[in-house]
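So you can see what is in the structure, the chains are spelled out below.
There are 2 protein chains.
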Amino acid sequence: MRKRCAQEFVISLLVLVFLNQIEGNGLSKEWSIIDEDLVNSTGITNDQPTYLWPLPKKRSNGNVTVTVDPNLGLVIQGIGHNSSLVREAFARYKNIILTHHVKFGNRNSEQNIEYSISKLIITVSTADETLQLGIDESYSLYVPVGDEHSIVQGAHLEAKTVYGALRGLETFSQLCSFNFMTKNVEISNAPWFIQDKPRFAFRGLLLDTSRHYQPVEIIKQIIDSMSYAKLNVFHWHIVDEESFPLEIPSFPGLWKGSYTGWERYTFDDAHDIVEFAKSRGINVMAEIDVPGHAESWGVGYPDLWPSADCREPLDVSKNFTFEVIASILADFRKIFPFKLFHLGGDEVHTDCWTNTPKVKEWLDEHNMTARDAYQYFVLRAQKLAINLGWTPVNWEETFNAFSEKLNPKTIIHNWLDSGVCPRAVGKGFKCIFSNQGVWYLDHLDVPWEKVYSSDPLEGIDDSSQQKLVIGGEVCMWGETADASDVQQTIWPRAAAAAERLWSSTDDTSSDLDTVLPRLEYFRCLLNQRGIPAAPVRNELARRPPSGFGSCYMQ
Amino acid sequence: MRKRCAQEFVISLLVLVFLNQIEGNGLSKEWSIIDEDLVNSTGITNDQPTYLWPLPKKRSNGNVTVTVDPNLGLVIQGIGHNSSLVREAFARYKNIILTHHVKFGNRNSEQNIEYSISKLIITVSTADETLQLGIDESYSLYVPVGDEHSIVQGAHLEAKTVYGALRGLETFSQLCSFNFMTKNVEISNAPWFIQDKPRFAFRGLLLDTSRHYQPVEIIKQIIDSMSYAKLNVFHWHIVDEESFPLEIPSFPGLWKGSYTGWERYTFDDAHDIVEFAKSRGINVMAEIDVPGHAESWGVGYPDLWPSADCREPLDVSKNFTFEVIASILADFRKIFPFKLFHLGGDEVHTDCWTNTPKVKEWLDEHNMTARDAYQYFVLRAQKLAINLGWTPVNWEETFNAFSEKLNPKTIIHNWLDSGVCPRAVGKGFKCIFSNQGVWYLDHLDVPWEKVYSSDPLEGIDDSSQQKLVIGGEVCMWGETADASDVQQTIWPRAAAAAERLWSSTDDTSSDLDTVLPRLEYFRCLLNQRGIPAAPVRNELARRPPSGFGSCYMQ
Chain V
1 MRKRCAQEFV
11 ISLLVLVFLN
21 QIEGNGLSKE
31 WSIIDEDLVN
41 STGITNDQPT
51 YLWPLPKKRS
61 NGNVTVTVDP
71 NLGLVIQGIG
81 HNSSLVREAF
91 ARYKNIILTH
101 HVKFGNRNSE
111 QNIEYSISKL
121 IITVSTADET
131 LQLGIDESYS
141 LYVPVGDEHS
151 IVQGAHLEAK
161 TVYGALRGLE
171 TFSQLCSFNF
181 MTKNVEISNA
191 PWFIQDKPRF
201 AFRGLLLDTS
211 RHYQPVEIIK
221 QIIDSMSYAK
231 LNVFHWHIVD
241 EESFPLEIPS
251 FPGLWKGSYT
261 GWERYTFDDA
271 HDIVEFAKSR
281 GINVMAEIDV
291 PGHAESWGVG
301 YPDLWPSADC
311 REPLDVSKNF
321 TFEVIASILA
331 DFRKIFPFKL
341 FHLGGDEVHT
351 DCWTNTPKVK
361 EWLDEHNMTA
371 RDAYQYFVLR
381 AQKLAINLGW
391 TPVNWEETFN
401 AFSEKLNPKT
411 IIHNWLDSGV
421 CPRAVGKGFK
431 CIFSNQGVWY
441 LDHLDVPWEK
451 VYSSDPLEGI
461 DDSSQQKLVI
471 GGEVCMWGET
481 ADASDVQQTI
491 WPRAAAAAER
501 LWSSTDDTSS
511 DLDTVLPRLE
521 YFRCLLNQRG
531 IPAAPVRNEL
541 ARRPPSGFGS
551 CYMQ
Chain U
1 MRKRCAQEFV
11 ISLLVLVFLN
21 QIEGNGLSKE
31 WSIIDEDLVN
41 STGITNDQPT
51 YLWPLPKKRS
61 NGNVTVTVDP
71 NLGLVIQGIG
81 HNSSLVREAF
91 ARYKNIILTH
101 HVKFGNRNSE
111 QNIEYSISKL
121 IITVSTADET
131 LQLGIDESYS
141 LYVPVGDEHS
151 IVQGAHLEAK
161 TVYGALRGLE
171 TFSQLCSFNF
181 MTKNVEISNA
191 PWFIQDKPRF
201 AFRGLLLDTS
211 RHYQPVEIIK
221 QIIDSMSYAK
231 LNVFHWHIVD
241 EESFPLEIPS
251 FPGLWKGSYT
261 GWERYTFDDA
271 HDIVEFAKSR
281 GINVMAEIDV
291 PGHAESWGVG
301 YPDLWPSADC
311 REPLDVSKNF
321 TFEVIASILA
331 DFRKIFPFKL
341 FHLGGDEVHT
351 DCWTNTPKVK
361 EWLDEHNMTA
371 RDAYQYFVLR
381 AQKLAINLGW
391 TPVNWEETFN
401 AFSEKLNPKT
411 IIHNWLDSGV
421 CPRAVGKGFK
431 CIFSNQGVWY
441 LDHLDVPWEK
451 VYSSDPLEGI
461 DDSSQQKLVI
471 GGEVCMWGET
481 ADASDVQQTI
491 WPRAAAAAER
501 LWSSTDDTSS
511 DLDTVLPRLE
521 YFRCLLNQRG
531 IPAAPVRNEL
541 ARRPPSGFGS
551 CYMQ
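Protein chains in written order, with my numbering: chain V, 1 to 554; chain U, 1 to 554.
Be careful, since some hints might not be right.
Remember, identical chains collapse to one label, so a pair may be satisfied in a single copy or spanning two.
Here are the simulated DSSO-like pairs of lysine-lysine, each with C-alpha atoms no more than 30 Å apart in a straight line [claimed, not checked]:
#1 K360 with K427
#2 K405 with K427
#3 K220 with K57
#4 K360 with K94
#5 K256 with K339
#6 K383 with K339
#7 K334 with K183
#8 K94 with K220
#9 K256 with K94
#10 K94 with K334
#11 K220 with K278
#12 K183 with K278
For the record, the hints were derived by calculation from the structure and aren't laboratory data.
Construct the complete structure from the given sequences, taking the supplied hints into account.
In structure tokens, the structure reads:
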């Protein structure tokens with residue numbers, strides 16, 4: 001025991017020295033105890049297959065198999081060493097790594113065995129745990145072979161932020177696999193040296209809880225699974241025309257639009273979901289889709305409908321409509337810290353306005369066409385959001401209809417095929433890619449290859465314009481996805497998009513035949529973690545396996 | 001605080017008095033602090049709808065809504081008061097009951113609110129936690145209205161065993177529902193007085209982990225969900241011809257028959273699964289299906305095959321075959337405490353024996369037909385199991401082929417349509433009902449009504465013969481069920497069988513229209529607990545919802 005304590009002391013000293021040398025945003029070699037040159041001198045080859053998903057940006061590895069101590073210890077260092085978020089994440093990942101049991105669960109009997117990796121030393125160089133778009137998610141991971149050169153039997157994970165540490169923990173957990181012959185958790189092809197950071201800042205999944213209510217527990221399962229693929233934005237399409245499940249404190253009648261009294265979220269449930277997501281490094285982007293997708297709002301407040309016969313879009317002619325929106329936004333500001341807020345704005349069928357006499361009258365009074373009123377509505381809603389400090393996101397119809405009027409801060413959310421992101425960034429707007437032909441998960445006939453082969457930057461060559469594409473998002477619309485089938489509709493295809501959004505195209509644009517076994521491995525990994533990801537090879541999504549066989553070949 | 005302590009003291013005294021009066025197996029009124037007469041004098045009516053699944057045997061209720069303290073306390077009393085199993089179960093159920101969040105998660109701010117039910121007082125009258133077929137699962141549950149007659153603000157749950165307490169906890173959790181208007185967990189229609197016990201001792205679900213490997217995490221999810229429906233036997237069809245995923249310490253080559261090196265269970269994983277199941281009051285009945293469904297055994301030991309071209313049934317002519325079976329059974333005896341062991345015995349196609357020269361030679365030497373050899377094999381395997389203290393279970397073909405030779409202890413497991421249980425019990429055998437036309441879950445075209453309307457006692461009128469039917473089991477064969485779709489194939493239809501096996505037929509044979517909303521409620525309850533149970537109303541099992549809508553009406 002004394003020896004180990006001495007080693008920890010040396011490490012602490014080293015860290016103190018290194019921490020004094022931290023500079024810039026990235027991980028610079030100078031301050032790192034992970035010495036790339038040292039790694040490269042130990043006979044590393046890059047020709048081993050790796051089963052990491054998504055692929056890290058920069059990696060090198062050797063050909064030694066090392067063992068991981070089932071009593072793997074955790075050392076957190078650096079300014080962020082007090083992070084309970086990292087500590088709890090480590091506990092979760094340790095559980096995942098140690099799924100399989102050995103010797104009647106009595107690992108103590110093995111205490112005399114020498115393991116190569118007896119601890120994971122995590123260095124976090126800031127104590128700021130603010131989660132936001134664009135925070136530093138980079139990390140470096142070094143898994144040594146544990147020869148006489150190493151001063152500790154530990155793997156090293158270094159990150160600027162706790163969220164970088166979470167990403168690194170995920171990668172570390174994927175390096176570990178249980179060897180059923182040796183009964184050890186092992187890391188093959190060590191030493192590993194990984195330097196990783198995401199390609200895009202915004203890597204989203206939309207969940208629609210209006211067409212079907214998704215229980216809180218299911219939402220948490222989805223958020224958990226997102227973290228396994230390093231997705232980082234849970235776009236919560238909370239309400240739509242079919243139902244309004246969420247409590248709005250300032251207008252408590254709104255959730256009368258829920259399907260039943262049981263299919264609801266309290267305001268605090270939403271807060272709890274945001275906190276849960278944060279603990280996984282995932283932002284929650286809330287949406288209220290106005291004015292088009294909002295019929296359910298009027299169940300509690302029929303004044304929001306143009307008339308009882310014509311209930312959508314929300315009545316543009318009443319101040320009350322905007323009073324309700326302003327109140328929702330003010331309520332949301334208390335629980336949704338993410339700086340992006342989605343205001344919808346798609347599929348606004350204005351006939352209801354022009355066909356309702358009192359609304360038509362109002363339009364005439366204000367000298368507005370229905371199209372003007374659509375613009376007026378969207379811009380007024382944007383203003384309300386901006387006044388509360390939000391960056392508005394709108395579906396692309398708003399850009400297609402009146403791009404020159406949109407607040408320049410607006411982030412355009414593509415969904416109608418490709419093409420809008422190139423146009424939007426050409427006009428200086430930021431853009432999110434969700435081309436329905438490839439990234440709408442409810443399109444069951446889109447196979448993983450098509451999801452994988454799409455790119456948010458398609459059609460954009462100018463590098464300054466490329467920077468305006470903040471990322472992309474796969475969309476899980478809920479018409480035929482309830483608690484019973486949502487996860488197998490999401491996975492494994494969402495993983496294909498997740499790698500596109502995280503990994504460098506140099507690595508991932510190559511032969512799909514080489515990608516397939518890695519994706520199958522990831523799908524089976526999701527299964528092992530209790531996530532019902534569907535077989536990869538089915539032509540249609542979420543179909544059962546066609547017959548008996550291995551998870552890795554279906 | 002003093003007042004509460006005084007109340008607990010009174011309760012303890014009462015329990016001491018009552019415990020001195022325990023007699024017999026059931027819950028007799030004399031020893032119970034739950035006084036049925038008192039309950040009946042408080043204006044109870046039985047005409048309220050109840051949403052319990054499966055229906056308790058005896059229940060009465062009133063029309064008062066009571067609130068449950070979010071800081072619900074636990075008091076365990078009686079001889080079994082030290083049970084960590086009950087304590088952990090209470091913690092799980094408390095989590096379930098308190099899924100929804102109120103006031104930014106700060107329930108402390110509500111500490112001045114008076115709740116009707118501030119604690120659950122569980123009395124367990126034995127410290128013996130042995131789980132076995134036929135243990136006492138009965139319980140009584142009393143939820144008072146908390147008027148001046150009640151000496152404590154607690155609900156009372158009384159059970160002979162910890163497993164009765166688990167069943168009662170499940171019922172208590174189903175009585176609780178979150179009221180989104182009052183923001184309280186409430187119990188409607190109190191006071192509740194429930195006296196419950198199962199109709200059948202054996203209420204099983206078969207899971208096939210050979211056609212598809214099911215990860216340990218998925219198996220645990222299934223076991224958890226079984227406990228919600230009060231099923232109590234996890235029939236683990238571990239191996240079959242397609243794969244052999246489990247480690248057998250005495251013959252370590254056997255799991256070479258797994259699909260891949262990753263799709264395996266360590267011997268200790270199996271032990272862990274048994275322990276996990278026990279904590280949910282669920283027995284694990286292991287199966288090795290010999291000699292017919294065993295091709296995968298020979299991957300590691302080709303000698304078990306009659307020949308390389310003809311690999312099934314196991315070679316009846318070699319002592320080695322029985323040596324392997326004996327060793328598996330001896331290994332299993334260490335980790336499977338359930339007294340029933342399933343030896344399979346179905347679908348034995350003996351052509352392989354008669355067509356393999358050396359086996360044919362052996363048959364001739366021993367003056368056996370292929371049919372004789374089948375009988376010889378089954379009986380020899382039975383003997384091995386019986387010598388280890390097991391009660392053998394065999395699929396019905398063994399009974400159909402040579403009932404008069406079977407060990408009289410044999411439990412006949414029906415699967416080929418109906419009819420065998422009446423014949424088996426007529427000959428004094430015990431029987432398990434799994435008629436494939438109604439209780440095979442892989443038959444996707446069997447709707448819940450058909451599952452529900454079947455009965456293990458069909459065709460058996462004699463009450464002494466009825467007693468030989470120990471119960472029934474739904475079977476989840478794995479050809480098209482892997483981790484991605486197994487739960488929605490099991491649920492909600494397994495729940496229909498679970499109620500048939502638990503509840504009295506007086507209650508449940510009535511109009512299916514009155515059952516449907518209760519089953520839909522249970523399906524949505526499973527969803528809320530994170531179990532992807534499929535819509536109830538689909539004609540084919542595990543299909544997605546046909547369109548948007550409420551969980552409770554799909």
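Right, here's what the structure says about each hint:
For a Cα distance limit of 30 Å, the shortest separation of K360 from K427 qualifies neither inside one copy, at 33 Å, nor across copies, at 84 Å. Proximity of K405 and K427 under a CA criterion of 30 Å is satisfied intra-copy only: 12 Å inside one chain copy versus 86 Å between copies. Within a single copy, K220 and K57 get their C-alpha atoms as close as 28 Å, which meets the 30 Å cut-off; across copies the closest is 36 Å, which misses it. In this assembly of identical chains, the alpha carbons of K360 and K94 never lie at most 30 Å apart, being 63 Å within a copy and 55 Å across copies at closest.
In this assembly of identical chains, the alpha carbons of K256 and K339 lie at most 30 Å apart only when taken from the same copy (28 Å versus 53 Å across copies). In this homomeric assembly, K383 and K339 come within 30 Å of each other (Cα to Cα) only inside a single copy, at 14 Å, whereas the closest approach across copies is 71 Å. In this homomeric assembly, K334 and K183 come within 30 Å of each other (Cα to Cα) only across copies, at 19 Å, whereas the closest approach inside a single copy is 49 Å. Taking identical chains as interchangeable, the C-alpha atoms of K94 and K220 lie at most 30 Å apart whether they share a chain (19 Å) or sit on different chains (18 Å).
In this assembly of identical chains, K256 and K94 lie within 30 Å of each other by CA distance solely across copies; the values are 28 Å between and 43 Å within a copy. For a Cα distance limit of 30 Å, the shortest separation of K94 from K334 across copies, 28 Å, qualifies, whereas the shortest one inside one copy, 34 Å, does not. Proximity of K220 to K278 under the C-alpha cut-off of 30 Å is found in both arrangements, the shortest distances being 11 Å within a copy and 27 Å between copies. In the homo-oligomer, the alpha carbons of K183 and K278 lie at most 30 Å apart only across protomers (25 Å), although the nearest pairing inside one protomer, at 35 Å, exceeds that limit.
Hints 1 and 4 from the list above are not met by this structure, while the remaining hints are.
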